[in-house]
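Trainee: Just so you know, the protein sequences line up as chains A and B, in that order.
FYI, in our numbering the residues of the first sequence are 1 to 125.
FYI, in our numbering the residues of the second sequence are 1 to 125.
These are computed hints drawn from the structure, not numbers from a lab.
Among the clues, some could well be false.
Pairs involving identical chains hold if they fit within one copy or between any two copies, as the list cannot separate such chains.
Here are the simulated lysine to any residue pairs, SDA-like style, with alpha carbons at most 20 Å apart [said to hold, decoys possible]:
| hint | residue 1 | residue 2 |
| --- | --- | --- |
| 1 | Lys89 | Asp23 |
| 2 | Lys89 | Asp69 |
| 3 | Lys89 | Val110 |
| 4 | Lys89 | Ala27 |
| 5 | Lys89 | Ser114 |
Each chain, written out:
There are 2 protein chains.
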Amino acid sequence: MHRILVREVVVDAPSATFAATRDFWAAALLSEAQEVEAFPEFTALPDAASMSWVGLQDIGPGPARFHLDIETDDVAAEVARLAGLGAVKVADGRTWVVMRDPSGLLFDVVPHESPWFAEHSREVG
Amino acid sequence: MHRILVREVVVDAPSATFAATRDFWAAALLSEAQEVEAFPEFTALPDAASMSWVGLQDIGPGPARFHLDIETDDVAAEVARLAGLGAVKVADGRTWVVMRDPSGLLFDVVPHESPWFAEHSREVG
Chain A
1 MHRILVREVV
11 VDAPSATFAA
21 TRDFWAAALL
31 SEAQEVEAFP
41 EFTALPDAAS
51 MSWVGLQDIG
61 PGPARFHLDI
71 ETDDVAAEVA
81 RLAGLGAVKV
91 ADGRTWVVMR
101 DPSGLLFDVV
111 PHESPWFAEH
121 SREVG
Chain B
1 MHRILVREVV
11 VDAPSATFAA
21 TRDFWAAALL
31 SEAQEVEAFP
41 EFTALPDAAS
51 MSWVGLQDIG
61 PGPARFHLDI
71 ETDDVAAEVA
81 RLAGLGAVKV
91 ADGRTWVVMR
101 DPSGLLFDVV
111 PHESPWFAEH
121 SREVG
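With the rest of the complex left out, here is chain A (with noise of 0.2 Å):
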């Protein structure tokens, strides 16, 4: 058994709009864009106006998109519930799975980090 959380919207913007989207985005849900030490291509917006982290990606030549991130403390086990519920695995990040749902649309499947995630993750029966 383990447990899940969706925790994070990503904004993936092409590099020719990444500083416009990222400032819009911080200025918008009143964040200070912090470009993630760990992971050059990744921007957080700390305490954003949002019950989700809000995250950003430049991800090159686009085109543009939101992702969605599912925390969860088995990565293995949760990739292997969602493609039997019909999700594809795309490619494996560096510590994520990246999946599209039935419409096509990009996922990740990552392990846990946020604060709330023992409180408000749910164990997935």
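Chain A is already provided as a structure; the job is to place chain B on it using the hints.
Mentor: Just chain B, lined up with the frame of chain A:
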């Protein structure tokens, strides 16, 4: 002065894959899909394993996308503020306004209705 909160992620699925996408996200997030009576193109996922609300919308021909809803107690003021930050107004919805960010991503500015708005929303200074 008004308040804002990113309240919801909406999965916009084409009609052709809507049922499969709805059933996938409902099972993935440990919820049961519930059509929104007043707006039958929308489906809620009550008590989903998520910090934000997650919903679905049948968008007809597609393509699939995620969009965000920014909840506020003053839609007109928030639309004006976001336009000043670089967003472009796309359309008026029934109670909401559709905008695009600097990368072209769609999001909505919606009237507040979530039970967490008072506690979690942030004042636009």
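Trainee: Between the shortest in-copy and the shortest cross-copy C-alpha distance, which are at most 20 Å for Lys89 and Asp23: within, between, both, or neither?
Mentor: Result: close only across copies, 18 Å inter versus 32 Å intra.
Trainee: Have a look at Lys89 and Asp69 and pick one of within, between, both or neither, based on CA distance no larger than 20 Å.
Mentor: Within one copy only: 14 Å inside a chain, 28 Å across chains, cut-off 20 Å.
Trainee: For Lys89 and Ser114, with the copy left unspecified, which applies at a CA distance of at most 20 Å: within, between, both, or neither?
Mentor: Result: close neither inside a copy nor across copies, 24 Å intra and 34 Å inter.
Trainee: Given identical chains, is Lys89 near Val110, meaning Cα to Cα at most 20 Å, within a copy, between copies, both, or neither?
Mentor: within (13 Å within a copy, 34 Å between copies)
Trainee: Give the relationship of Lys89 and Ala27 under a CA distance limit of 20 Å: within one copy only, between copies only, both, or neither.
Mentor: Intra 34 Å, inter 17 Å, cutoff 20 Å: inter-copy only.
When held up to the earlier numbered hints, the structure conflicts with hint 5 and nothing else.
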